[in-house]
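Residue numbers (our numbering), protein chains in the order written: chain D, 1 to 776; chain Z, 1 to 158; chain A, 1 to 289.
Because the hints were derived from the structure by calculation, they are not lab data. Careful: at least some of the hints might be erroneous.
[Claimed, not checked] Quick list of in silico lysine-lysine cross-link-like pairs, DSS-like style, CA-CA up to 30 Å:
| id | chain 1 | residue 1 | chain 2 | residue 2 |
| --- | --- | --- | --- | --- |
| 1 | D | Lys4 | Z | Lys152 |
| 2 | Z | Lys152 | D | Lys11 |
| 3 | D | Lys4 | D | Lys50 |
| 4 | A | Lys29 | D | Lys445 |
| 5 | D | Lys423 | Z | Lys144 |
| 6 | D | Lys125 | A | Lys29 |
| 7 | A | Lys286 | D | Lys59 |
| 8 | D | Lys402 | D | Lys305 |
| 9 | Z | Lys144 | D | Lys11 |
| 10 | D | Lys763 | D | Lys182 |
| 11 | D | Lys422 | Z | Lys144 |
| 12 | D | Lys4 | D | Lys443 |
| 13 | D | Lys567 | Z | Lys152 |
| 14 | D | Lys443 | A | Lys286 |
| 15 | Z | Lys152 | D | Lys13 |
| 16 | Z | Lys144 | D | Lys432 |
| 17 | Z | Lys152 | D | Lys395 |
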Amino acid sequence: MSVKLLGERIKRKEDPRLIQGRGHYVDDLPLCNMLYLAFVRSPHAHAQIKSIQLEEARKMPGVGAIYTGKDLDGRLGLIPCAAGIEGLKIPDHPCLALGRVRYVGEPVAVVVANNRYQAADAAAKVEVDYNALPAVVDMDRAVAPSSPLVHESLGDNMAFVAKLEGGDWKAVEADASVKVLKQRLVNQRLAPLSMETRGVVASYSPGEDTLTVWSSTQIPHLLKTQLAVMTGTDEARVRVIAPEVGGAFGSKLNVYAEEGVACFVSRQFGQPVKWIESRRENLMATIHGRDQIDDLEIYYRPDGKVVGLKCRILADLGAYHQLLTPAIPTLTALMILGSYNIPAVFVETKGLFTNKMATDAYRGAGRPEATYIIERVMDLVALELKLDPVEIRLKNFPPPGKDIVLATGVSYDTDNYQKTLKKVLTLSSYKKLRREQARLRKKGKYLGIGLSTYVEICAMGPSSRMPAGGWESGTVRVEPTGKVTVLSGTSPHGQGEETSFAQIVAEELGVPYDDVTVYHGDTNQVPMGIGTFGSRTTAVGGTAIYLATQRIKRKMARLAAHKLGVKPGEMVFRDGKVEREDGSKSMKFAEVVGEAYFAKQLPSGVEPGLVENFVFEPPNYTYPFGAHVAVVEVDGETGEVSLRNYYAVDDCGRILNPMLVDGQIHGGLAQGIGQALWEEHVYDENGQLLTGTLMDCAVPKAHQLCWFETANTETRTPVNPLGVKGVGEAGTIGSTPAIVNAVIDALQPFGARHLDMPLKPEKVWRILKQGPAQAA
Amino acid sequence: MNIRVRINGAAREDEVEPRLLLVHYLRDVAGLTGTHIGCETSICGACTVLMNGEAVKSCTLLAVQADGAEITTIEGLTAEDGRLHPLQQGFWEEHGLQCGFCTPGMILAAHQLLSRNPRPSRSEIRRALEGNLCRCTGYQHIVKAIEWAAEKMGGSTS
Amino acid sequence: MIPEPFEYHAPHSLAEATRLASELGEQAKLLAGGHSLLPMMKLRLAAPRHVIDLGHLQELRYIREAEEKIEIGALATHFQIESSALLNEKCPLLADTAREIGDPQVRNRGTLGGSLAHADPAGDWPAAMLALDAELQAVSAQGERWIAARDFFVGLMSTALAPGEILATIRVPTLPARSGDAYFKFRHPASGFAVVGAAVRVKLSEAGHIEQVAIGVTGVGAKAYRAADVERELVGKSPTARRLVEAAAHAADGVEPNADLFASAEYRHHLAAVYVRQALERALEKARA
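Given the sequences, and given the hints that come with them, work out the whole structure.
Laid out in structure tokens, this is it:
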């Protein structure tokens, strides 16, 4: 292992093709005889479909067929939901609406045509006659008995109620010094908005009786199983390929109507079929994230110790369940205590149907909501007690390094929250910032300093806790020429694991980094897999590859030892050789490979070849943590918030490639900051989407962000042998409350206590307008 | 309608429908799929190409408007001998991309910036990227990538 | 994403263009840079039967000085204006306004004339046109006429241009001595359009009083307007800080401000006062320099 690769800043293997425009995303695939789909979508949030007229559309040039929900009924399966919650109501979710539409953008019919222009033209000619019905939009009203129902057959709009209770509430109630603070927090709906929208190419080959699907997905293997079931195809005859995927952030961790329809149409025609989502469709009909109302009761003692937390969560699930829709808010409940040892907890989660697109996993998926709640709780209590936000956190952290089981039942793998907090205070010159803030306030300038000390749940996850299993598969194959092929069941789409997985394998085998090639995303190539989400790819998938590599090493060591007449345990892998530590007996790596493949003198019982698979089942989640400091300036006249500095110290366990870790943190910060300041996906009272294009739907732009100062602590997790925890969601989870805390801090001269996100200038201005707070 | 264009130095002539968008012409007719589509409202910039040396959003141009024009797409930035353009190299060196979908547009927008302002400040770089959205990187490594290229190019844009 | 089919016309002279425009009347839309029209066609909010592409009319791409005035061809792009040495020296308000529009790619293609004819209530140019008392030349097969900026913007996305008329030239006065100008804009975080934009040109007397002041405001109402009440409060007066605040408070008087998801009418009203004052302060600073 003389060439050190792990922990180094290694340039990405993915990049040469991408910086030259030579990667292939779904829409870049040219196939002969391709047909194109265009969907006719509901303009209503809730309506009965009275009739659908297809005559005009059928006459349009290039139209091959048009299908409605009735045509598919019984011929194409329902869209699956994998969430397992006791008592969960799962309404039928057909790929094309049957009789009723329940959100704006719901697919009603599909046009098949020879090219995308003809498909769009014909779709515009499909006439659907609707009988509009009252829409369920507001969650507070959705629970009322008088509310219209999204699904009449279900009796009410409540998909599930879940309770999580723990700790000693009697002790809390018995303590006379305990005070209670109530607060409602709204965690607004967001659009994941990957730069590449969704897209699918389905190609059924009648001769071979095989269905090949290229989809912009995070879960090719799970999608393969589901599409086989939905289309009634023998799973062995279905192949799913995730080609280059242009971002996802959870939104492509799903099985969508359009994927099912494309497969169905391709089977009908025996021709390849392509559908590429427009941005408008993407904003209407790709899952949304967040959308919770959290009603809090905070129990705290005068010394700042928080002793109990009650939270009633209303979670807007939208009209139908997508793959994990109802499971997302349950993660909020699980992580609601954050990095604090709060002895009593009660969370009641109500999942509600509304006439909107489904919510589901968006970067962080339930945990940003939890972190937002608990980090706002800390600042709210600090404000009541006039404590510094640092002080209140230190009071409520558990002591470092001691294993604890929280009142929620969660036990963290590692913790040293004091350490990351201390480091970020130094990095940000926190005390100096506070002095500057005081100086500026005297001049009527409003600087805000916000803190967030988060813990997240990552490396999803043990199979016992995951609906579709939480293992991951890794295969390492040393080719006869000595080059190394690595196959992963994960499906990265920008995170850079072609690079970090090659680093793991090259370092372990002592071969050049350039000799290792990593593949993922093709179910015919990768034997089994789960996918990329929940910050799991390296911690679970990388571990599988690491352990498969150990199997390769054991076999190669045995072959070399047999040839050299030494013990396998003496063999080390370095510099392209397999040799004894002292170098006295040595074989070239390629020679050992030759032994395996030419198989002339194999030890007895050893099979020829060098291919090993490992399926890693993680014993627990991992719990990365960190401390962030945001510094904002509030314009005293307009209320506009500008970001001045951002400091992030994250502990994601062992770092395999610091460049990739920085990239993940930066991107996460941008999304978390986006939620705090600009982003919101808004329906009006009739269920019409008000943020349906990028003209209204704000996404952070380069000039709106500041320079991020990042640093790390590295506490290795014992959960996997690499010591890696995961970093994909950390930035998003940590940053949102830091920003909101900073803005509220800036507004202290005006007596602000809380504002709901996004902190648009007008909301802040309304606080400023009230004038300075009376000194208490 | 008949149009003649030069794309990455090669002349072509095609019969196109007037409503065909330039980006669809480049991708579906000329087969150059490095130029991407990320929205329909001229906001995201994934479709940015150079037309007669100026950065434009090819989703907001008709192919017929490009009649007689010289177009450079991301595919045209790599030298014939395979040498990467300093901007491509900079994005690689500084981890200026993750999923890569916005990257061709980003690189061509940056190309335009450096041709007009060879030594931009960080804030000038950020302003120049206002027409290009990236959802992965948080932009910081993109800014560094462009700085890297500016440094390497030493004030020239070839 | 995909426009409806249309018939395409690409005239090579203004005369040919006006003839086509007159023949096709309301069935035709004029295409300049395309950055207002094409997005609407792609969303199928506009579906003209005919599109007349003015892109080949090189005769409308100039920026030139003519007797104390500057004339700009309607097809001059925002970038041409932003980078024009002539404008940066003699009518900096136009260059400053251009710099605030959209993004670099949009500025490379978008044109002054196209943007004015589109008359988006959140567009940047109308404010500057009003502050400069610009004159706009409309040409048709029947002849030509000049329209004053204050008569040009009729309402929400509607102008004084009649069917068959093409906006050809924009004429503005150069910046006189002891004068300054400024454009201040509150950008919408998503679209980059003006939530509120205030364009000011001010001339000081030798004694330092405000001799002339013109203020154009965009983004606030259904159409851009002159903040006449503010101007009235200031003309002939000494521009003290307090007077500027008091006068600017009238920036949206008599206007029914727009309300949308991003900003209520009340907030827009407030922003108008703030941005008008800030633009006044900057313009005065320049006038004194």
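Okay, the hints, checked on the actual structure:
no. : hint                : result
1   : D:Lys4 x Z:Lys152   : holds (28 Å)
2   : Z:Lys152 x D:Lys11  : holds (18 Å)
3   : D:Lys4 x D:Lys50    : violated (67 Å)
4   : A:Lys29 x D:Lys445  : violated (50 Å)
5   : D:Lys423 x Z:Lys144 : holds (25 Å)
6   : D:Lys125 x A:Lys29  : holds (23 Å)
7   : A:Lys286 x D:Lys59  : violated (65 Å)
8   : D:Lys402 x D:Lys305 : holds (19 Å)
9   : Z:Lys144 x D:Lys11  : holds (14 Å)
10  : D:Lys763 x D:Lys182 : holds (21 Å)
11  : D:Lys422 x Z:Lys144 : holds (28 Å)
12  : D:Lys4 x D:Lys443   : violated (54 Å)
13  : D:Lys567 x Z:Lys152 : violated (53 Å)
14  : D:Lys443 x A:Lys286 : holds (26 Å)
15  : Z:Lys152 x D:Lys13  : holds (22 Å)
16  : Z:Lys144 x D:Lys432 : holds (28 Å)
17  : Z:Lys152 x D:Lys395 : violated (51 Å)
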